[in-house]
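S.K.: Protein sequence lines, in the order shown, are assigned to chains A and B.
According to my numbering, the stretch in the first sequence is residues 1 to 312, in order.
According to my numbering, the stretch in the second sequence is residues 1 to 312, in order.
Check the hints yourself; a few may be wrong.
It does not matter which identical chain is meant; a pair holds if it fits inside one copy or across any two.
[What the hints assert, rightly or not] Pairs of lysine to aspartate or glutamate residues, derived as DMTMM-like cross-links and limited to a Cα-Cα distance of at most 25 Å, are as follows: (1) Lys-35 to Asp-265; (2) Lys-210 to Asp-67; (3) Lys-291 to Asp-220; (4) Lys-93 to Glu-65; (5) Lys-35 to Asp-75; (6) Lys-291 to Asp-265; (7) Lys-93 to Glu-218; (8) Lys-290 to Asp-43; (9) Lys-66 to Glu-274; (10) Lys-290 to Glu-58; (11) Lys-158 to Asp-8; (12) Lys-210 to Asp-109; (13) Lys-299 to Asp-84; (14) Lys-210 to Glu-274; (15) Lys-275 to Asp-235; (16) Lys-193 to Glu-65; (17) Lys-158 to Asp-265; (18) Lys-299 to Glu-41; (19) Lys-299 to Asp-75; (20) Lys-55 to Glu-237; (21) Lys-93 to Asp-235; (22) Lys-210 to Asp-85; (23) Lys-158 to Glu-213; (24) Lys-195 to Asp-235; (25) Lys-193 to Asp-265; (26) Lys-59 to Asp-85; (27) Lys-59 to Asp-84; (28) Lys-299 to Asp-81.
For the record, the hints were derived by calculation from the structure and aren't laboratory data.
Below, each chain spelled out in residue letters.
Protein chains: 2
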Amino acid sequence: MPGTVYVDPLHRVAVAGGTHGNEMSGVFLVKHWLKHSSQLERDTVSAVPLLSNPKASEKGVRYYEKDLNRCFTLDILSAPDSPDDPYEVLRAKEINRLLGPRGSANAYDMILDLHNTTSNMGVCLIVSRVHNAVEMHACQYIQTHLPHYNPRIYVYAKPGTDLYSVDSVAKCGLGFELGPQPQGVVRADILQKMKTVIEMTLDFINHLNKGMEFPAFETDTYQCSGQVDFPRSSDGEISAVIHPSLQDKDFSLLHPGDLIFLTLDGQSIPYSGEKPIYPVFINEAAYYEKKIAFILAEKIRVSVPALRRQTH
Amino acid sequence: MPGTVYVDPLHRVAVAGGTHGNEMSGVFLVKHWLKHSSQLERDTVSAVPLLSNPKASEKGVRYYEKDLNRCFTLDILSAPDSPDDPYEVLRAKEINRLLGPRGSANAYDMILDLHNTTSNMGVCLIVSRVHNAVEMHACQYIQTHLPHYNPRIYVYAKPGTDLYSVDSVAKCGLGFELGPQPQGVVRADILQKMKTVIEMTLDFINHLNKGMEFPAFETDTYQCSGQVDFPRSSDGEISAVIHPSLQDKDFSLLHPGDLIFLTLDGQSIPYSGEKPIYPVFINEAAYYEKKIAFILAEKIRVSVPALRRQTH
């Protein structure tokens, strides 16, 4: 177990919603906070609301030309502008100028990015990796203070791959993936949970900035290890759907032989993996075009060192 | 109670899916039936599967330029072609040539049109009006044979208004509105229910064609009587969402004073109508742009005469 990590206070914080324009909790909350910005203020930090993808939010679609939340790679951000750039590439570069540049000393201290999923993910906290103590302590703070939400930590980036999400522009980033909620719909229950977890995260930042020490801890994380496509016929069309016994069972252990797909003629298809694994993002609407029926995650326990503000 | 209605047998029947391209049960079923058309065959009828809006289904959106299921008015269908016609107007005219023309002797005998909703509508059977004995007996047959689905009959057209839905092209039409299901998602449970109700409807047509007599009956219908928009601030933005106590309560009696909306600051807004009413299509994603938070329906009991095939 390493010793205490000391960090500079976090003063420049952004709350992004509408990164996907049909994930309505974030769109709705950010529009609300743009009018009532004092609700994002704490003693030591005033978070800035950002409507990440105005054009997609206006149209009520995930994206206008390209998935914005895959556009923040170093390759895309550093490429010269081109008249053929999709809207979202231009917008990613703009956000990178506003809140970054990514990887620089000038970058924002933290971006909180708000998402919804049609999957039964509950309150899911997303980090890119497990090495950032601020991000991990923010998750722990939320888990400790909102145990009835049963928040889980999902780690999206595989080792050796570049990051691509909007929150990677800042020094620290946290995604909030709340579901189930249909695209294009605001549900009051999900909205209230999202508002509460963001308020809780700002409280955490405020405590950190004021000098509170956060002790070391261990926690379970769910780390992306693969993905499963739908069965398809020779023409590429989906030939079987998520099995009723898998539907809505995100974060429930899946064993080899458990049923995962069902054809229209009633044939059940079992999971053929070699070991038990945790399925997540089961039947997420936006992943059909990405050829993902669900994502596989391994449950990995990690140790996080104590955290405290740097005192110069 | 009127006497028996005698009708010609129904031989030309179409099953339409993808009228809205992101309502996936119908898209999925029609694509399946296009490959396995024998599943739509009965002794006396072979129903034809039709992907109503191929372009919207391909893109996974409700519509490409205009809501197809509002394009089948006599005004639109009879207007001369124009180079400015939206894709869906052209497609409506094409479907009208294929399965109509609407109101003519050449028109198809029946169109069954498959829809999904994000609202908790369960298995909802939609007729335009209550005067068509074939449509009403089809509903009764489904209700009698699938009581565990608790199918309800919704009447969409107000008196004196023109029809606009795809099934109005045929002599008889029936819409199937199954939910809750997010846009862009296929859920196995909803898919199985939709497949079963369509199979049941084809059985009904087959029995009718073969001479079975269907006795007169009375049934409850839910008839559209109005709609309620979300509360909005002066800039037109939605300022309150569906109240948790109303969410998912489609077809449950709403009383004056019951809470219907909730603001982000926790203020509850009651229903200010003068009499109890049945809310339906509560929080349907596609109705946000139509400025509909939910639809109001009156429960009206109707008498339906006996039905039998014409014997010449």
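S.K.: Now tell me, hint by hint, if it's right for this structure.
M.R.: Each hint, compared with the structure:
For the homomeric pair Lys-35 and Asp-265, the shortest alpha-carbon distance between copies (13 Å) is at most 25 Å, but the shortest distance inside one copy (52 Å) is not. When the C-alpha separation of Lys-210 and Asp-67 is checked against a cutoff of 25 Å, the pair qualifies neither within a copy, at 37 Å, nor between copies, at 54 Å. Proximity of Lys-291 and Asp-220 under a CA criterion of 25 Å is satisfied in neither setting, with 28 Å inside one chain copy and 44 Å between copies. For a Cα distance limit of 25 Å, the shortest separation of Lys-93 from Glu-65 inside one copy, 15 Å, qualifies, whereas the shortest one across copies, 30 Å, does not.
Taking CA atoms no more than 25 Å apart as the test, Lys-35 paired with Asp-75 passes in neither setting, with 35 Å inside one copy and 43 Å between copies. For the identical chains of this complex, Lys-291 and Asp-265 are intra-copy neighbours only, at 22 Å inside a copy versus 40 Å across copies, given an alpha-carbon limit of 25 Å. Taking the shortest Cα distances, Lys-93 and Glu-218 never come within 25 Å of each other, neither inside one copy (37 Å) nor across copies (64 Å). In this assembly of identical chains, the alpha carbons of Lys-290 and Asp-43 never lie at most 25 Å apart, being 43 Å within a copy and 42 Å across copies at closest.
For the homomeric pair Lys-66 and Glu-274, neither the shortest alpha-carbon distance inside one copy (35 Å) nor that between copies (48 Å) is at most 25 Å. When the C-alpha separation of Lys-290 and Glu-58 is checked against a cutoff of 25 Å, the pair qualifies both within a copy, at 23 Å, and between copies, at 14 Å. Neither within a single protomer nor between protomers do Lys-158 and Asp-8 lie at most 25 Å apart by alpha-carbon distance, with minima of 27 Å and 65 Å respectively. Proximity of Lys-210 to Asp-109 under the C-alpha cut-off of 25 Å is restricted to the intra-copy arrangement: shortest distance 16 Å within a copy versus 74 Å between copies.
Proximity of Lys-299 to Asp-84 under the C-alpha cut-off of 25 Å is found in neither arrangement, the shortest distances being 42 Å within a copy and 56 Å between copies. In this homomeric assembly, Lys-210 and Glu-274 never come within 25 Å of each other (Cα to Cα): the closest approach is 49 Å inside a single copy and 54 Å across copies. Taking CA atoms no more than 25 Å apart as the test, Lys-275 paired with Asp-235 passes in neither setting, with 31 Å inside one copy and 54 Å between copies. In this homomeric assembly, Lys-193 and Glu-65 never come within 25 Å of each other (Cα to Cα): the closest approach is 30 Å inside a single copy and 35 Å across copies.
In this homomeric assembly, Lys-158 and Asp-265 never come within 25 Å of each other (Cα to Cα): the closest approach is 37 Å inside a single copy and 40 Å across copies. Taking CA atoms no more than 25 Å apart as the test, Lys-299 paired with Glu-41 passes in neither setting, with 35 Å inside one copy and 49 Å between copies. Within a single copy, Lys-299 and Asp-75 get their C-alpha atoms no closer than 31 Å, and across copies no closer than 60 Å, so neither meets the 25 Å cut-off. Proximity of Lys-55 to Glu-237 under the C-alpha cut-off of 25 Å is restricted to the inter-copy arrangement: shortest distance 16 Å between copies versus 30 Å within a copy.
Within a single copy, Lys-93 and Asp-235 get their C-alpha atoms no closer than 38 Å, and across copies no closer than 29 Å, so neither meets the 25 Å cut-off. In this homomeric assembly, Lys-210 and Asp-85 never come within 25 Å of each other (Cα to Cα): the closest approach is 43 Å inside a single copy and 62 Å across copies. Taking the closest pair of Cα atoms, Lys-158 and Glu-213 never come within 25 Å of each other, the shortest separation being 30 Å inside a single copy and 65 Å across copies. Taking the shortest Cα distances, Lys-195 and Asp-235 sit within 25 Å of each other only across copies (22 Å), while inside one copy they are farther apart (44 Å).
For the identical chains of this complex, Lys-193 and Asp-265 are inter-copy neighbours only, at 13 Å across copies versus 39 Å inside a copy, given an alpha-carbon limit of 25 Å. In this assembly of identical chains, Lys-59 and Asp-85 lie within 25 Å of each other by CA distance both inside one copy and across copies; the values are 20 Å within and 21 Å between. Taking the closest pair of Cα atoms, Lys-59 and Asp-84 come within 25 Å of each other both inside a single copy (21 Å) and across two copies (21 Å). Neither within a single protomer nor between protomers do Lys-299 and Asp-81 lie at most 25 Å apart by alpha-carbon distance, with minima of 41 Å and 60 Å respectively.
Violated hints, in rising order: 2, 3, 5, 7, 8, 9, 11, 13, 14, 15, 16, 17, 18, 19, 21, 22, 23 and 28; the structure is consistent with all others.
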